[in-house]
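*Asks:* Each chain, written out:
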Amino acid sequence: MMTMQRQLRLTRDGGRVLACGWFAVVVLATLLGGCGLLPAHHASAPAVDPAQAAGVKEAAMASAVAAAKVGGPEEEILSFSLHMDTTDADVLFKKDMYDTSSFPVQLVGEGGRLLSGRVEVKGSFSRRFPKKSILVKLDKGGTWQGMRRISLNAMGTDPTLMREFLIWDLFRNLGMATPRVQYARLFINDQFAGLFLFIEWIEPRMFGNFGLGSDGALYHPRDSAFCGDLTPASLAPDKECWLKLAPPDNNFSELTGLVQGLATTPAADFAAFLDQHFDVDSVLNWIAGNVLTSNGDTYNKNYFLYLSRKTGKWTVEPWDYDLTYGRAWDPGLPFPASIYNDNFQYMYPPNSGLANPLKDKLFANPELYRRFKRRLGHLLGVTAPDPAAPAATYGWFAPERLAKRLDAVEQRIGADVARDAFVAEGTADRESMVAALRYYCLARYLFLKTMVFDKTAYGTSRWTPEMAALGMQEINALPVPPAGARIRLPLDLSATVKLLAGKEAVYLVDPVNFRFLATFWPQELTGVTRLNLEAQAEQPLLWLPPGKEAGQCLERSWLLTSQAPATEVTGDLRLAYFQESSLHHELGGAVTDEAALNLWVQEEGSAWRELATEVNVHDNTLTTRHLTLRPMRLYRIVACQ
Amino acid sequence: MIRYGTIRLGMLAVCGWLAGVAGPANAASPWLLSEGMSKLSSSVYYSTADAYWDRDGVRHQGDCRSNNWSLNEHYEYGYSYYHTLFAEATVVDKACGPEQVGGVGDLRLGVRGRLNLYQNGKAWEASVIVPSGYSRDRPARLGYGRFGVEVGFAMRFGVREQTRSHGEYGASVRLWEGPPADQTQAYLKWSQQLSAAWDGWVKMEGNFSLRNAKEEPIESLDYNRLSDYDVVRLGLGLQWTPRRMWSVDFALYYDLWGRNTGCGTGVGISVSRTWE
Chain L
9 MMTMQRQLRL TRDGGRVLAC GWFAVVVLAT LLGGCGLLPA HHASAPAVDP
59 AQAAGVKEAA MASAVAAAKV GGPEEEILSF SLHMDTTDAD VLFKKDMYDT
109 SSFPVQLVGE GGRLLSGRVE VKGSFSRRFP KKSILVKLDK GGTWQGMRRI
159 SLNAMGTDPT LMREFLIWDL FRNLGMATPR VQYARLFIND QFAGLFLFIE
209 WIEPRMFGNF GLGSDGALYH PRDSAFCGDL TPASLAPDKE CWLKLAPPDN
259 NFSELTGLVQ GLATTPAADF AAFLDQHFDV DSVLNWIAGN VLTSNGDTYN
309 KNYFLYLSRK TGKWTVEPWD YDLTYGRAWD PGLPFPASIY NDNFQYMYPP
359 NSGLANPLKD KLFANPELYR RFKRRLGHLL GVTAPDPAAP AATYGWFAPE
409 RLAKRLDAVE QRIGADVARD AFVAEGTADR ESMVAALRYY CLARYLFLKT
459 MVFDKTAYGT SRWTPEMAAL GMQEINALPV PPAGARIRLP LDLSATVKLL
509 AGKEAVYLVD PVNFRFLATF WPQELTGVTR LNLEAQAEQP LLWLPPGKEA
559 GQCLERSWLL TSQAPATEVT GDLRLAYFQE SSLHHELGGA VTDEAALNLW
609 VQEEGSAWRE LATEVNVHDN TLTTRHLTLR PMRLYRIVAC Q
Chain A
165 MIRYGTIRLG MLAVCGWLAG VAGPANAASP WLLSEGMSKL SSSVYYSTAD
215 AYWDRDGVRH QGDCRSNNWS LNEHYEYGYS YYHTLFAEAT VVDKACGPEQ
265 VGGVGDLRLG VRGRLNLYQN GKAWEASVIV PSGYSRDRPA RLGYGRFGVE
315 VGFAMRFGVR EQTRSHGEYG ASVRLWEGPP ADQTQAYLKW SQQLSAAWDG
365 WVKMEGNFSL RNAKEEPIES LDYNRLSDYD VVRLGLGLQW TPRRMWSVDF
415 ALYYDLWGRN TGCGTGVGIS VSRTWE
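Chains L and A are the protein sequences, given in the same order. Take 9 as the starting number for the first sequence in this note's numbering and just add one per residue. Take 165 as the starting number for the second sequence in this note's numbering and just add one per residue.
In case anyone wonders, no lab produced these hints; they're calculated from the structure. For each residue, glycine too, the CB sits at the ideal point set by N, CA and C. Worth double-checking, as some hints may not be accurate.
To be verified - Partial chain A-side listing against chain L, Cβ under 8 Å, derived:
| # | residue |
| --- | --- |
| 1 | Ser-198 |
| 2 | Gly-242 |
| 3 | Tyr-282 |
| 4 | Asn-284 |
| 5 | Gln-326 |
Make the full structure from the sequences, and use the hints.
*Replies:* Put into structure tokens, the structure is as follows:
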């Protein structure tokens with residue numbers, strides 16, 4: 009309390025004193041000039057009570073976040089020029105997805121020198137998309153910047169073309185042993201073939217660049233086996249869960265030893281085990297990255313393990329983040345729609361994902377969970393900086409900083425995206441998807457901050473892995489719904505936020521269920537007020553506009569009030585709805601076109617009126633502009649087609 | 165004379181059933197391997213027959229029961245995206261009454277190419293059939309003892325990825341150097357997923373003489389009849405995929421109709437492995 013009050017006093021006085029570790033960063037950042045960039049309800053005005061003092065702390069921390077490096081694709085966009093037979097070039101992008109044939113090619117190398125090799129399509133699920141990821145293997149003796157393999161990710165599953173870059177950018181800045189990743193223009197026979205992402209080939213040589221030696225053992229869960237989860241069962245020879253990439257032999261003894269250690273070490277001793285056998289930062293960063301991006305496509309695949317002979321420790325190398333940042337697997341749709349769909353989620357807890365002892369025991373061990381939480385809080389910018397993480401990554405995932413990063417990336421690649429024929433076909437859709445990516449980053453930040461870091465009124469944690477485990481026991485005890493049956497989990501949600509003049513946006517987040525309910529951008533405000541929003545989610549509608557039937561509407565009713573007696577407020581309102589999968593969503597049975605939903609509002613005592621509504625079907629939001637709320641009035645809202 | 169001829173024909177027809185078709189094999193395959201991929205299939209077939217169809221398609225009881233075994237080794241190699249090479253060798257052991265013969269039968273070498281540049285499952289095929297040097301004078305023999313050339317095509321259709329089902333059909337023409345009647349072959353097959361590791365399939369195939377199963381003016385009356393035949397056959401099978409790149413095929417064949425050939429049944433098992 010003393011520290012907090014001292015910090016508060018310093019801040020109120022405009023002082024620039026280095027009070028303690030994390031606060032030093034805050035003050036330094038303030039000196040550098042950024043301030044007031046957090047959402048308004050976070051950046052509350054300083055006051056003397058402890059709760060508001062915490063707000064001051066947040067505001068100061070927001071300054072630190074804002075002042076930190078924005079980041080982005082600072083490097084140049086590479087250019088790769090391939091020359092090959094025109095039929096081969098045509099076939100390369102149009103052939104059957106599972107064909108693994110290669111074709112002769114010449115790569116224009118440094119100084120215009122032609123390097124001979126073979127080109128092939130790479131990847132697995134991404135092979136289904138018209139824009140193929142390709143791999144150029146140069147003939148023996150030929151290298152491009154020291155590399156014989158040139159791997160170009162098409163990002164075909166991600167029309168934003170940003171997901172992979174964003175996470176690799178973070179991992180690199182966290183100091184992980186990561187591949188070189190840069191955007192790259194691909195030309196085939198002098199024709200622009202699209203914007204790709206160059207990702208250095210994962211091989212021992214790459215780890216050698218990070219001081220881990222090039223003589224280590226490299227393992228990778230085989231992508232199509234879905235079983236490389238580090239359990240003893242994953243070692244069964246008939247399952248073929250693992251590929252040993254280096255050295256190229258069939259000696260799996262080291263991996264076997266690791267798996268046995270993971271299986272037999274009790275969770276209580278897991279911190280010591282991890283410290284002894286792993287580059288712990290690589291594990292913390294990998295899991296933190298998975299948590300931030302809601303990566304549900306890993307833990308049994310999509311990572312590498314490298315055993316360094318120099319350190320004697322295992323390093324985790326993350327992999328494949330195209331189906332992240334809000335993408336949701338759909339158990340009710342057939343493959344491939346089960347993987348690639350318009351569903352959206354940001355509300356999975358940190359320890360979600362497939363079972364893997366490395367992840368599960370980390371969350372079960374208090375010391376490791378504390379270290380993980382510190383790393384996550386560092387990246388969100390909501391706790392003191394993690395001294396074990398690079399200072400530049402503090403607040404990396406804070407919304408305003410990430411928004412600037414997205415802007416920077418978009419600006420950098422915009423011109424190339426515009427002329428990428430594979431992307432151009434769905435330009436309008438891409439804009440909506442980019443908006444959804446931005447929205448995900450904000451929603452995920454608010455969700456994690458509220459769930460993991462905000463305290464209850466009693467100062468206790470709102471969520472811990474132990475609580476999650478108990479919750480899962482309760483869920484597992486529930487009757488299993490029949491396969492293909494619609495799931496409904498009714499929730500009563502509410503949030504209240506203070507509106508202040510001059511603030512750009514406020515976010516309404518339910519503090520109990522951690523759901524992001526709405527964003528409000530006040531435009532005209534005659535005083536100070538509180539905005540209260542209640543939502544009945546996944547429930548029959550409480551009211552209906554005339555001429556509408558329940559099936560035409562979302563199964564969500566909102567009640568909005570401005571709670572100051574004399575303050576009228578006008579602003580833009582964005583409301584969120586829920587569509588996690590084809591089995592779990594709020595679309596009424598008669599909604600045939602999600603994009604045609606419109607908000608309807610009824611001011612208490614008045615008639616229903618339809619509001620001009622912008623629908624983003626990718627992030628499941630409904631936005632209406634210039635909505636005026638009179639003081640102390642109830643506004644009933646629904647969304648119908 | 166007629167009686168003797170009929171009995172003799174019966175024995176030879178039953179024995180000869182697998183002389184022309186050493187094992188249930190498609191007229192052609194629609195599938196090309198990716199460049200650098202190899203596939204090896206080892207098949208064992210057993211067939212038996214104690215009756216035959218004469219050249220008018222009338223069924224007669226034979227004077228012996230045939231017991232025919234064959235071991236077929238079929239290797240394919242993805243030479244490039246555009247071409248797959250294949251080679252096939254068969255070891256045969258067959259007996260019917262007093263006749264018995266065993267040894268290496270015909271060799272087959274061929275190439276398969278794409279009929280559609282972008283899609284697998286639509287292919288042309290050309291191959292040569294090379295006799296391995298066995299005697300062609302014995303009533304029970306390992307093959308025709310003649311060089312042959314075969315050209316054909318095969319197509320996939322109705323591919324449904326969700327249910328792992330698809331159909332195939334194909335046809336080919338086989339031209340022989342010398343007495344055997346030139347032939348056409350055709351097949352129609354449907355495969356359907358039964359479970360994660362099991363698929364079922366049903367196949368109709370026919371082998372038809374281009375001389376309408378008539379006698380040929382060559383030295384041996386008996387051989388003429390056996391080298392100029394029609395047959396329509398039904399196949400049922402199960403394919404088990406125990407692990408990646410491996411499959412095991414269990415097949416049952418039944419001759420529905422024919423002319424100048426034995427009417428028999430056969431069972432087979434084939435193990436295939438694909439690798440890069």
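*Asks:* All hints are to be evaluated individually against the structure, with a verdict given for each.
*Replies:* Against the structure, the hints come out as follows:
1. Annotation: interface hint on A:Ser-198 holds; nearest CB of chain L at approximately 4 Å, less than 8 Å.
2. Because the smallest distance between the Cβ of A:Gly-242 and any Cβ of chain L comes to about 7 Å, under 8 Å, the interface hint for this residue holds.
3. Taken as an interface hint, A:Tyr-282 checks out: its beta carbon lies about 4 Å from the nearest beta carbon of chain L, inside 8 Å.
4. Annotation: interface hint on A:Asn-284 holds; nearest CB of chain L at approximately 5 Å, less than 8 Å.
5. For A:Gln-326, the interface hint holds, the least distance from its beta-carbon to any beta-carbon of chain L being 5 Å, beneath 8 Å.
Checked against the numbered hints above, the structure violates none of them.
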